[in-house]
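**Student:** From first to last, the protein sequence lines are chains A and B. Just so we're aligned, residue 1 is where the first sequence starts under my numbering, counting upward by one. Just so we're aligned, residue 340 is where the second sequence starts under my numbering, counting upward by one.
Among the hints, a few may not be true.
[To be verified] Rough simulated footprint, nothing fancy, chain B against chain A, three-plus residues with beta-carbon under 8 angstroms:
no. : segment
1   : 195-201
2   : 205-214
[Claimed, not checked] The following residues of chain B were derived to be distant from chain A, with all beta-carbon distances above 10 angstroms:
no. : residue
3   : V476
4   : G572
5   : L699
Calculated from the structure, these hints are not laboratory results. Don't be surprised by glycine CBs; every beta carbon is placed ideally from N, CA and C.
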Amino acid sequence: MAPDTASDIPVRPAGEARGGLGRFLRWDVLVTALLIAVFLAGSAGSDGFATIDNLSFALGDLGEIALIALAMTMLVVAAEVDLSVASVLGLSSALIGALWDGGWAIEAIIPLVVVVGMVCGLINGLLVTRLGLPSLAVTIGTLALYRGLAYVVLGDKAVAEFPANYVSLAVDDVPGTPIPYPVALFAVLAVITGIVLHATGFGRSLFAIGAQEEAAFFAGIRVKRIKLLLFVLSGTVAAFAGVVFTLRYGSARADNGMGIELAVIAAVLLGGVDFDGGKGTLGGVIAGVLLIGLLRNLLMLNDVATEIQSIVTGLLLIISVLTPRLAAIVRQRRRAPAL
Amino acid sequence: MSETGASRPIIALKDVTKSFGAVSALRGVSLELYAGEAHALAGENGAGKSTLVKTLAGVHRPDSGTVLLHGEPVVFHGPADAQAAGVAVIYQEPTLFPDLSVAENIFMGRQPRAGLGRIDRRAMRAETAALFQRLGVGLAPDQPARGLSIADQQLVEIAKALSRDARVLIMDEPTAALSGNEVDRLFGVVEALRAQGCAVLFISHRLDEIFRLCQRVTTLRDGAWIASEPVEGLTHDDLIRRMVGRELDALYPKQDTTPGEVALKVERLTREGVFTDVSFEVRRGEIAALAGLVGAGRSEVARAIFGIDRFDAGKVTVNGRELPPGSPTAAMGAGLALVPEDRRQQGLVMDMSIERNIGLTGLAALRRGPVISRAAERDRARDWALKLRLKFARLNDGVGVLSGGNQQKVVLAKWLAIGPSVLIVDEPTRGIDVGTKAEVHRLLSELAGQGMAVLMISSDLPEVLGMADRVLVMHEGRITAEIPRERATEESVMAAATGRAAA
Numbered sequence: 001m002a003p004d005t006a007s008d009i010p011v012r013p014a015g016e017a018r019g020g021l022g023r024f025l026r027w028d029v030l031v032t033a034l035l036i037a038v039f040l041a042g043s044a045g046s047d048g049f050a051t052i053d054n055l056s057f058a059l060g061d062l063g064e065i066a067l068i069a070l071a072m073t074m075l076v077v078a079a080e081v082d083l084s085v086a087s088v089l090g091l092s093s094a095l096i097g098a099l100w101d102g103g104w105a106i107e108a109i110i111p112l113v114v115v116v117g118m119v120c121g122l123i124n125g126l127l128v129t130r131l132g133l134p135s136l137a138v139t140i141g142t143l144a145l146y147r148g149l150a151y152v153v154l155g156d157k158a159v160a161e162f163p164a165n166y167v168s169l170a171v172d173d174v175p176g177t178p179i180p181y182p183v184a185l186f187a188v189l190a191v192i193t194g195i196v197l198h199a200t201g202f203g204r205s206l207f208a209i210g211a212q213e214e215a216a217f218f219a220g221i222r223v224k225r226i227k228l229l230l231f232v233l234s235g236t237v238a239a240f241a242g243v244v245f246t247l248r249y250g251s252a253r254a255d256n257g258m259g260i261e262l263a264v265i266a267a268v269l270l271g272g273v274d275f276d277g278g279k280g281t282l283g284g285v286i287a288g289v290l291l292i293g294l295l296r297n298l299l300m301l302n303d304v305a306t307e308i309q310s311i312v313t314g315l316l317l318i319i320s321v322l323t324p325r326l327a328a329i330v331r332q333r334r335r336a337p338a339l
Numbered sequence: 340m341s342e343t344g345a346s347r348p349i350i351a352l353k354d355v356t357k358s359f360g361a362v363s364a365l366r367g368v369s370l371e372l373y374a375g376e377a378h379a380l381a382g383e384n385g386a387g388k389s390t391l392v393k394t395l396a397g398v399h400r401p402d403s404g405t406v407l408l409h410g411e412p413v414v415f416h417g418p419a420d421a422q423a424a425g426v427a428v429i430y431q432e433p434t435l436f437p438d439l440s441v442a443e444n445i446f447m448g449r450q451p452r453a454g455l456g457r458i459d460r461r462a463m464r465a466e467t468a469a470l471f472q473r474l475g476v477g478l479a480p481d482q483p484a485r486g487l488s489i490a491d492q493q494l495v496e497i498a499k500a501l502s503r504d505a506r507v508l509i510m511d512e513p514t515a516a517l518s519g520n521e522v523d524r525l526f527g528v529v530e531a532l533r534a535q536g537c538a539v540l541f542i543s544h545r546l547d548e549i550f551r552l553c554q555r556v557t558t559l560r561d562g563a564w565i566a567s568e569p570v571e572g573l574t575h576d577d578l579i580r581r582m583v584g585r586e587l588d589a590l591y592p593k594q595d596t597t598p599g600e601v602a603l604k605v606e607r608l609t610r611e612g613v614f615t616d617v618s619f620e621v622r623r624g625e626i627a628a629l630a631g632l633v634g635a636g637r638s639e640v641a642r643a644i645f646g647i648d649r650f651d652a653g654k655v656t657v658n659g660r661e662l663p664p665g666s667p668t669a670a671m672g673a674g675l676a677l678v679p680e681d682r683r684q685q686g687l688v689m690d691m692s693i694e695r696n697i698g699l700t701g702l703a704a705l706r707r708g709p710v711i712s713r714a715a716e717r718d719r720a721r722d723w724a725l726k727l728r729l730k731f732a733r734l735n736d737g738v739g740v741l742s743g744g745n746q747q748k749v750v751l752a753k754w755l756a757i758g759p760s761v762l763i764v765d766e767p768t769r770g771i772d773v774g775t776k777a778e779v780h781r782l783l784s785e786l787a788g789q790g791m792a793v794l795m796i797s798s799d800l801p802e803v804l805g806m807a808d809r810v811l812v813m814h815e816g817r818i819t820a821e822i823p824r825e826r827a828t829e830e831s832v833m834a835a836a837t838g839r840a841a842a
């Protein structure tokens, strides 16, 4: 840190600075510690857990959630949310199925569905920015709408038998490593997202918008344009995740990825991003994603029913929203003992 | 009139000390509030005024020293205790329930009951009407709170306090957001309360108001008690000296300048229902003030010029370039900067650090390749922090920890850092202490001296008269007068602001 400047009078007590113990109580550090704890507990408790094969599988199984979480992080930092991502994923999958069934080439299908995802995001974004509607409400609506469209497109059919070279891109590991291709892609995108979020002017704008939209607008930041871009990005990524999902399972269905928006949002909030916007780190989100992934994998290994998995996701979501609030209350109590 | 309880104060603080961590907010402060007396509390921001208010209101408990109620030591365990003892605080911006009527707000939680536990609306209305009668204000009990001006909301709060039999009224900067005749009305109410034997503690940064309203004044500086004395016989300068602890060179250090070419030109600007047909120019080197009552449309004109709001007709030209409506980004590009009215909502991102706030207007300028250079950001912040004599501990501290005056300096820094040729400042010194106020005035004067065109919106008439080369006066959305510095007086500006025929 740079030396303190020549200012004469400090206007406040130094007590509020986060030093010493406070640093260890940072949420993202806490989540990383939790991640390690879960990993160690898993290794001790389940035989097949800490094997390269299983971890590689667990990572691959996490691919779509992880990809979508990147875009979601930026949205939530800007105090918006996109609940329609899983439905866009489903619509993308259904479209792939229908077009593949209709004899289209996979090389044409993939760009097309990604464009459809972009349009889905654009619709969300326009409703939020042009009409000033709350994104929570808008995307609950489009959650139902896009999923409905998925059923219109494919019904309850399942389409399979995609070209082997594409399937292998979705399931195989990068040669010489235990890392599946989608996870490698995620790693690259995560680095880019991290830089964009934490080091560029665009990232700064997102935090400013999330923390205080009016002040951001007064500072000349193009709030609406940026938000629109984020929704388009979210839709695009979700549609691409639909491609990965479909190829990975080798099956295009309208109900693919049902409900994973919750896992995505749980991961983002668990990673310490404030649902009210303006606060969070991508590092924390990555820890959150991995934590959700390991937990799901552990539950699966131990043959825990999917209902329970859903319960765990829900609890994590609530805990991650609740804990920082409780911590803030405790901190406030401690700061003003006279109250 | 102060004979009612002259011998013994209703409430008093004796040798009160209060620290937060290492900072002592109050050091051995004493204060006595008598029935029938309006007592002013003066001091710069950070002098300990709000801690004192919170001690009286039961929010803080003193570390040492006592609170005396009718001469007996008491301990307030919380605001409820203080309320029960008859202490009421009227804040600058009251919080009413907008969907409830005025009467319902006043009796919230203590509604009079009729049979079967129903709320006795008639009694509630009658009592409310009686309260308003007592205060001499013309509000209707059934009126919804939504849409009431801040001034009216304060009156409702006062009525609420009276309905609880408050004997001590603490008013924390009640006039900051009020226009001239709203202040008059509020003062009328305070006079009435005084006559009825209430003790009033009045806090304001406007010294005129202290002299007009109060009989005694207590001054705090850096948490210490400086003086408690009768207002009569005191001059403005005496009071400022007590507050600041040194002579102020001048509160309005206006340099003489010769205006250059036109930098900002506004032609027939109209936003329907808000302002109409507004035309004026501001030249380089000149400070033009936009005066008028609150609600006359001054801030709205500034917002439209800067592109925060769209306008329906007219034209804005900056240095010969016409601005597209509704784009702050374009306005900034053309050399325009706006220091907005509400620094906590519009001026600053309160959760962000000093340096990031200052950097926010220059995200493009701070880029090195695709990423922001933290070194450049810090340099920019440090430069301006030093130039404006910002008092801070670290540049990466949140702006929320700064005092109001220092927060305003950060807002100024963030806008001056873009090197604007036209600077619009909306209420640049509202709610900041006298020392910082003088600094802001000197800065504006220097900037104009260096050739910047400054448009200053202010409700502070002495500030308008002291700083402006030219006064534009708005009344109900129109410019009603343009008065050069030589002819600008309190009377001529107020006449135009209130719509009476003016020069």
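**Student:** Determine for every hint whether it applies to the structure shown.
**Tutor:** Cross-check of the supplied hints:
1. Proximity of the segment 195-201 of chain A to chain B, defined as three or more residues with a beta carbon under 8 angstroms from a beta carbon of that chain, is established by the 4 residues found.
2. Given a C-beta distance limit of less than 8 angstroms, the hint that chain B covers the segment 205-214 of chain A holds, as 6 residues qualify and 3 suffice.
3. For B:V476, the condition that its CB be more than 10 angstroms from all CB atoms of chain A holds, with the nearest at approximately 33 angstroms.
4. In this structure B:G572 is separated from chain A by more than 10 angstroms, as the shortest Cβ-Cβ distance comes to about 33 angstroms.
5. Once the 10 angstroms rule is applied to beta carbons, B:L699 is inconsistent with being away from chain A; the minimum gap is 5 angstroms.
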